[in-house]
Amino acid sequence: MSNLVKHSKHTIGKDYDALNYLKKEEISSVLSMALGELYLSKPKNQLYFLGNWLLNYSKSQKKLIKSSHEMDNQVLLQIEHEKALEMQKNSEAKIAEDAAKVREKEGILRGLIGMTREVDEFLPKVIEHIYIHIKAAAGYIGLQEKVKKQVTPLDDDKAHIDDDAPWVIRYITATSNSQFMIDQILKEEEGQATWGLWKEDEEEELQEEENQEENKKKPKVKVCSVDDVVSDPRIKFFDVPKLGAYFAVPLNYKTCLYEQSFDAGIEDALECRKLRAQQEEEKIKLEAGAAEGEEQKEFEEIKEAPFKTTEIRMVIAFDTMGQDRTFREQEKEYVIDWVGYLKEQWERAENESLSHDIQAYMTIRDRDFPIIVDKAHERSEQEKNAIEDTIKTLHISLPEDFKNLEGQTALFELCRNRLLGELDNLYLLKEFKVVKHIRVIQLLLYLSGVKREDIIEPGTNMMKWKKGKNFLTNELREFIAELKPRGPKPEKVELYAKTFKLEKDLLKVPFEEVQQYCLSMIFLYKFLEQYLKVRISDVTYRRKEYLTKVEIRENAKKAAEELAERKQKYLDEQKEAFDKENDVELDDGINRSFFDSVKVLSEFDAIEGNQPIEIPEDVIPDEDGDIDWEESNPN
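Numbered according to UniProt numbering, the sequence shown spans residues 1 to 635.
Quick caveat, the hints were computed from the structure, so don't treat them as lab data. Do not rely on the hints blindly, as some may be mistaken.
[Said to hold, decoys possible] The calculated SDA-like cross-link candidates involving lysine to any residue, where the alpha carbons are at most 20 Å apart (straight line), are:
{"hint": "1", "residue 1": "Lys-508", "residue 2": "Ala-34"}
{"hint": "2", "residue 1": "Lys-464", "residue 2": "Gln-408"}
{"hint": "3", "residue 1": "Lys-558", "residue 2": "Gln-574"}
{"hint": "4", "residue 1": "Lys-464", "residue 2": "Tyr-171"}
{"hint": "5", "residue 1": "Lys-544", "residue 2": "Leu-428"}
{"hint": "6", "residue 1": "Lys-254", "residue 2": "Arg-348"}
{"hint": "7", "residue 1": "Lys-105", "residue 2": "Leu-76"}
{"hint": "8", "residue 1": "Lys-254", "residue 2": "Arg-234"}
{"hint": "9", "residue 1": "Lys-222", "residue 2": "Pro-241"}
{"hint": "10", "residue 1": "Lys-254", "residue 2": "Lys-187"}
{"hint": "11", "residue 1": "Lys-544", "residue 2": "Leu-405"}
{"hint": "12", "residue 1": "Lys-199", "residue 2": "Leu-186"}
{"hint": "13", "residue 1": "Lys-343", "residue 2": "Lys-599"}
{"hint": "14", "residue 1": "Lys-580", "residue 2": "Lys-557"}
{"hint": "15", "residue 1": "Lys-569", "residue 2": "Glu-551"}
{"hint": "16", "residue 1": "Lys-533", "residue 2": "Lys-567"}
{"hint": "17", "residue 1": "Lys-236", "residue 2": "Val-226"}
{"hint": "18", "residue 1": "Lys-187", "residue 2": "Asp-162"}
{"hint": "19", "residue 1": "Lys-469", "residue 2": "Phe-180"}
{"hint": "20", "residue 1": "Lys-567", "residue 2": "Asp-618"}
{"hint": "21", "residue 1": "Lys-343", "residue 2": "Lys-384"}
{"hint": "22", "residue 1": "Lys-489", "residue 2": "Glu-529"}
{"hint": "23", "residue 1": "Lys-62", "residue 2": "Glu-97"}
{"hint": "24", "residue 1": "Lys-125", "residue 2": "Leu-109"}
{"hint": "25", "residue 1": "Lys-557", "residue 2": "Ile-620"}
{"hint": "26", "residue 1": "Lys-158", "residue 2": "Ser-602"}
{"hint": "27", "residue 1": "Lys-489", "residue 2": "Ser-602"}
{"hint": "28", "residue 1": "Lys-199", "residue 2": "Lys-222"}
{"hint": "29", "residue 1": "Lys-504", "residue 2": "Glu-545"}
{"hint": "30", "residue 1": "Lys-599", "residue 2": "Ile-620"}
{"hint": "31", "residue 1": "Lys-308", "residue 2": "Lys-236"}
{"hint": "32", "residue 1": "Lys-332", "residue 2": "Arg-103"}
{"hint": "33", "residue 1": "Lys-332", "residue 2": "Asp-162"}
{"hint": "34", "residue 1": "Lys-384", "residue 2": "Arg-365"}
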């Protein structure tokens, strides 16, 4: 007994690794369950039973752990799935929100275009909007026009026109990342893919004839679609070639905003007015003579004819260079839809604009023409009297040139007052899209100091009305009111604004045609004409006076030199005579006589015609930067 106790204490006290392992919770608990099962089962082969139980327990635990892991994975997958669904939902919501914003933005843009008469001002916004929507690499709009002749500032406003010149495409606007495209030129031989938009295809024409009804329902738009621009020789590159596609749609619309259409519209409006008046007279006569119960005659409504038009050809193009992809069909349809909308709105805007111009001009015409025709003689008499009455107030001894200049100045003041009285009516033309004889206004702007490049069409000397009308301001009114045609003008002016150049250009505008337009333009023409006339006369007169003064001074200097020479000669002669008379010396060798030069000179001055000559001060010419000396021809 004592030996057993001693052995037990000795065994438990040892801290072996094996015992430490068996002491672990996960091991000891399993062994406890195994021993419990062993006790309850009381198998014959306890060791075999215990080994099998432990193996089965291990397998069941592995299955349990595997099942737990699978459940954990399912939970994780469920969580990931729910996150993906949430992200998809958010993404779809974001896409829907972005799409709604795009639709809203497009609706606003289309709404603005639908209300404006300045469709061209929206082209940069339209090309940028489409470019973003279809995710293109770049977008640009080209205008088909004839090559212009090279012009200088001294050429007239029609010098750029060449009827025999070839057509080219000039790019007029582009997306923000392709501004280098603006003013680039595409010739027909360089860009056959784009130019093919306007080439007639016989097979397509034949097919259109066979399917006329179908084509009426849905007009066919000819497009240019190139899937691989690098391998297509019909494509011209304005930058480094890159992989991608090209898509272009022609924008051809009928324009009526030009003078011939305006003139035809005025004639038609006058004819319709005449026919309506006749129709109204007929109605009154029929109503007066109609018997009671008699059926009333129906009159056909008199309508103005459609405006005369000509075709403007443009192209809207996009590319995906650098993206190495083609355009999808829905992207192409989107561009085509926008082009159709622009064509429709452009023609609508131009028709509205010309209708406004014609109606407004008819009001001006009704007011002006009785004055133009009936008071022409009265105005002529006023002009004549202004000159004559001014000359009558001048002294008779004054030079005729001066008196004529004064008379013409009085006429200029009359012309100025007439123009100032009609200036508000001239400014009404700012609301017009088609204005005739704008060359006259252009010359006024040049005279006022407006720079050529601020108002002309690029590459021409022709004023762009949209630019030029912005200078019809109160500042211009003040300039007209304060303009002085006489006196020095030392400021240098541009060659195209020099006085003789302005006069030459004004004379190219037929005054007879101006008289058929409106009173304010007549008065502007006469104002400029009279200013230039007085200005040239004044400079010529002052330079003539200058030359006269220079001649007088030179003559005085020459006469003074001659007088000095005679004086010296007289003095020398008197001295020589004196020396001869007093040549004999006295015995003591001293000559008692002396030559009195002061007395001799006084004697010379006392002779008639030998009085001292006064030389006028040096003459300084006036500076007139607007007229070169050789132009004035004062001699």
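Hints versus structure:
At roughly 124 Å between alpha-carbon atoms, Lys-508 and Ala-34 are farther apart than 20 Å, so this suggested pair is violated. With a C-alpha separation of about 33 Å, the suggested pair Lys-464 and Gln-408 falls outside the 20 Å cut-off, and the hint is violated. Pair hint Lys-558 plus Gln-574 does not hold up; C-alpha atoms about 24 Å apart against a cutoff of 20 Å. Of the pairs offered as hints, the one joining Lys-464 and Tyr-171 holds, with about 18 Å between alpha carbons and a cut-off of 20 Å not exceeded.
At roughly 43 Å between alpha-carbon atoms, Lys-544 and Leu-428 are farther apart than 20 Å, so this suggested pair is violated. For the suggested pair Lys-254 and Arg-348, the alpha carbons sit about 10 Å apart, so the restraint of at most 20 Å is met. For the suggested pair Lys-105 and Leu-76, the alpha carbons sit about 42 Å apart, so the restraint of at most 20 Å is broken. A C-alpha spacing of about 28 Å is found between Lys-254 and Arg-234, which places the hinted pair above 20 Å, so the restraint is violated.
Our distance criterion of 20 Å between C-alpha atoms is broken by Lys-222 and Pro-241, whose separation comes to about 25 Å. With a CA separation close to 23 Å, the supplied pair Lys-254 and Lys-187 exceeds the 20 Å bound. Distance restraint check for Lys-544 and Leu-405: the Cα-Cα separation of roughly 13 Å lies within the 20 Å cut-off, and the hinted pair is therefore satisfied. Proposed proximity of Lys-199 and Leu-186 is supported: the alpha carbons are some 16 Å apart, at most 20 Å.
A distance of roughly 104 Å separates the Cα atoms of Lys-343 and Lys-599; the hinted pair therefore is violated under the 20 Å criterion. Simply put, Lys-580 and Lys-557 have alpha-carbon atoms about 35 Å apart, too far for the 20 Å limit, and the pair is violated. Of the pairs offered as hints, the one joining Lys-569 and Glu-551 is violated, with about 27 Å between alpha carbons and a cut-off of 20 Å exceeded. Using a Cα cut-off of 20 Å, the hinted pair Lys-533 and Lys-567 is violated, with the two alpha carbons roughly 50 Å apart.
For the hint pairing Lys-236 with Val-226, the CA-to-CA distance comes to about 12 Å; that is within 20 Å, so the pair holds. For the suggested pair Lys-187 and Asp-162, the alpha carbons sit about 16 Å apart, so the restraint of at most 20 Å is met. The straight-line distance between the Cα atoms of Lys-469 and Phe-180 is roughly 29 Å, outside the 20 Å bound, and the hint therefore fails. Our distance criterion of 20 Å between C-alpha atoms is broken by Lys-567 and Asp-618, whose separation comes to about 25 Å.
The straight-line distance between the Cα atoms of Lys-343 and Lys-384 is roughly 55 Å, outside the 20 Å bound, and the hint therefore fails. At most 20 Å may separate the alpha-carbon atoms for a hinted pair to count; Lys-489 and Glu-529 meet this at roughly 19 Å. Restraint check: the Cα-Cα separation between Lys-62 and Glu-97 comes to about 51 Å, which exceeds 20 Å; the hinted pair is violated. The hinted pair formed by Lys-125 and Leu-109 meets the criterion: a straight-line CA distance of about 8 Å does not exceed 20 Å.
Straight-line distance between C-alpha atoms of Lys-557 and Ile-620 comes to about 16 Å, which keeps the hinted pair within the 20 Å bound. With a C-alpha separation of about 75 Å, the suggested pair Lys-158 and Ser-602 falls outside the 20 Å cut-off, and the hint is violated. For a cut-off of 20 Å, the pair hint linking Lys-489 to Ser-602 is broken: about 49 Å separates their Cα positions. For the hint pairing Lys-199 with Lys-222, the CA-to-CA distance comes to about 10 Å; that is within 20 Å, so the pair holds.
Restraint check for Lys-504 and Glu-545: not satisfied, since their Cα atoms lie roughly 26 Å apart, outside the 20 Å limit. A distance of roughly 39 Å separates the Cα atoms of Lys-599 and Ile-620; the hinted pair therefore is violated under the 20 Å criterion. Pair hint Lys-308 plus Lys-236 does not hold up; C-alpha atoms about 36 Å apart against a cutoff of 20 Å. Using a Cα cut-off of 20 Å, the hinted pair Lys-332 and Arg-103 holds, with the two alpha carbons roughly 17 Å apart.
Pair hint Lys-332 plus Asp-162 does not hold up; C-alpha atoms about 37 Å apart against a cutoff of 20 Å. Restraint check for Lys-384 and Arg-365: the C-alpha separation of about 27 Å exceeds 20 Å, so the hint is violated.
Of the numbered hints stated above, those contradicted by the structure are hints 1, 2, 3, 5, 7, 8, 9, 10, 13, 14, 15, 16, 19, 20, 21, 23, 26, 27, 29, 30, 31, 33 and 34, listed in ascending order.
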